[in-house]
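**Student:** Sequence:
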Amino acid sequence: MKQLNIFPVAELLTETQPFISISIDLDANSGYSEKDSLTLENFLKEAQQLVADLGSQWKEQIEEVRSAQRQLISATSSLLIYMTENETYYYYIESPVADHMIFGQGPDLTPLIKHYQFKSDYHLLVLNQDSAHIYDLSSQKLEEVTEGHWPMELTSVLGEEKDGGQLNHTGSAGPGQVGMHGHNETSVEKEIDRENFFRSVDNQLIEDFGQESERPLILYSLVENQAAYRAISKYQPLLDKGIELSAAKVSTDEIAEQAYQFVNSYREASLASLSKRFIETKPEYRVTDQLEEIQTLAQENRIDELILVEDKLDDLVTNVDKKAVVKDIVAATYKAKGTVYILTSDQLQGDFTISARLRY
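In our numbering, the protein residues as written are 1 to 360.
Any given hint could be a false lead.
[To be verified] As a list, the in silico DSSO-like pairs of lysine-lysine whose alpha-carbon atoms are at most 30 Å apart:
| hint | residue 1 | residue 2 |
| --- | --- | --- |
| 1 | K282 | K322 |
| 2 | K282 | K335 |
| 3 | K234 | K249 |
| 4 | K114 | K323 |
| 5 | K282 | K59 |
| 6 | K337 | K282 |
| 7 | K282 | K234 |
| 8 | K114 | K141 |
| 9 | K119 | K141 |
| 10 | K312 | K322 |
| 11 | K234 | K335 |
| 12 | K114 | K282 |
| 13 | K241 | K59 |
| 14 | K337 | K190 |
| 15 | K276 | K322 |
| 16 | K141 | K35 |
| 17 | K59 | K45 |
Calculated directly from the structure, the hints in this document are not laboratory data.
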């Protein structure tokens with residue numbers, strides 16, 4: 001049994017291998033719930049009946065999940081379980097899901113697509129001229145990172161000395177260190193200190209989280225500090241826009257309030273941009289509601305973005321074969337590094353059920 005934390009992953013990008021897919025919206029007010037335990041057990045019993053004639057390996061996977069039942073439901077987020085006859089994968093996602101179990105060809109990726117289509121997890125950098133705090137931001141909580149080099153202070157990064165009982169900062173430094181100017185420094189020297197400190201913060205972000213981090217970085221800082229940091233930053237997950245407020249003497253609750261307001265606005269802007277992008281795409285680079293043609297394009301790795309309109313999909317996908325085609329389109333799009341969205345008609349402009357934007 002293996003926990004997964006990113007999506008898409010190769011293990012789930014198949015539309016032909018049989019899967020048991022289970023989703024449970026765990027009790028948000030309890031680390032363990034008898035109701036959740038009963039729900040999972042009922043799903044396992046139902047699944048066991050469905051695979052009873054398919055060999056002992058399925059039974060072994062179900063028993064493995066059953067033996068880990070308490071561990072699996074001891075959480076306050078949503079639980080997703082994906083079982084094949086050889087392996088079991090599970091996720092915790094902080095998005096609501098419907099309780100259900102389904103057995104069929106390929107996994108039910110709907111909850112994962114909805115959760116990961118717009119970023120739900122971020123890093124938040126609260127940056128002052130002389131201090132930097134990094135937070136993990138999810139849809140349900142804001143938590144400061146207090147390990148490794150975090151939080152970072154200018155005096156610690158640039159070095160400090162005691163002189164005559166007073167704190168004095170040196171303009172010289174040892175090998176590999178950046179010196180800090182003294183109390184009587186000019187505004188130019190202060191700008192140099194700020195730039196050196198911000199560069200150290202940026203380097204630490206790259207070292208700790210990497211340029212391929214799945215979490216976009218939101219910058220919370222005064223306008224002038226935003227400009228100074230962005231001028232030197234090489235950290236690729238940094239978002240173009242941030243929270244332009246003073247980060248000095250603010251409480252965690254105030255930071256959280258501003259962060260969630262920003263995320264909601266950012267998500268709305270991303271959705272509006274997506275809808276506009278599809279509407280403005282030239283006809284030769286967009287195919288709508290033609291399942292077979294879209295399937296061919298997906299298999300040719302030509303789909304850049306794919307939208308499925310959830311409340312209309314049943315009208316287009318009227319049988320098992322068409323459902324298999326949609327699963328194939330989704331898997332092929334992900335394999336080709338495309339993006340898939342599951343949205344509702346009231347979130348979009350235009351009247352369609354499935355639409356693909358093409359790379360070429």
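**Student:** Is the Cα-Cα distance between K312 and K322 30 Å or less?
**Tutor:** OK: K312 and K322 at ~14 Å, within 30 Å.
**Student:** Mind checking the alpha carbons of K141 and K35 for me, to see if they're no more than 30 Å apart?
**Tutor:** With a Cα-Cα distance of about 24 Å, the restraint between K141 and K35 holds, given a limit of 30 Å.
**Student:** What's the verdict on K282 and K322, does the C-alpha distance respect the 30 Å limit or exceed it?
**Tutor:** 27 Å, holds
**Student:** Measure nothing beyond the straight line between the CA atoms of K241 and K59; if it is 30 Å or shorter, mark the hint as holding.
**Tutor:** The given pair, whose Cα atoms are some 51 Å apart, is violated under the 30 Å limit.
**Student:** Has the given pair, K337 with K282, been kept, meaning a C-alpha gap of at most 30 Å?
**Tutor:** Within the cut-off at roughly 22 Å; holds.
**Student:** Given the hint that K114 pairs with K141, does the C-alpha gap stay at or below 30 Å?
**Tutor:** 19 Å, holds
**Student:** Can the restraint linking K114 and K282 be considered satisfied, given a maximum Cα separation of 30 Å?
**Tutor:** 27 Å, holds
**Student:** Would you mind confirming whether the straight-line C-alpha gap from K234 to K249 stays at or under 30 Å?
**Tutor:** Holds. K234 to K249 sits at ~28 Å (cutoff 30 Å).
**Student:** Assess, step by step, whether the Cα of K119 is no farther than 30 Å from the Cα of K141, and give holds or violated.
**Tutor:** 15 Å, holds
**Student:** Does K322 sit within 30 Å of K276, going by the straight-line distance between their CA atoms?
**Tutor:** The hint holds at about 28 Å.
**Student:** Hey, K282 versus K59, does the alpha-carbon distance stay inside 30 Å?
**Tutor:** The hint is violated at about 51 Å.
**Student:** Taken at face value, is the distance from the CA of K190 to the CA of K337 at most 30 Å?
**Tutor:** Given pair K337, K190 is violated - Cα atoms ~45 Å apart, limit 30 Å.
Violation of the numbered hints given earlier is confined to hints 5, 7, 13 and 14; the remaining hints are satisfied by the structure.
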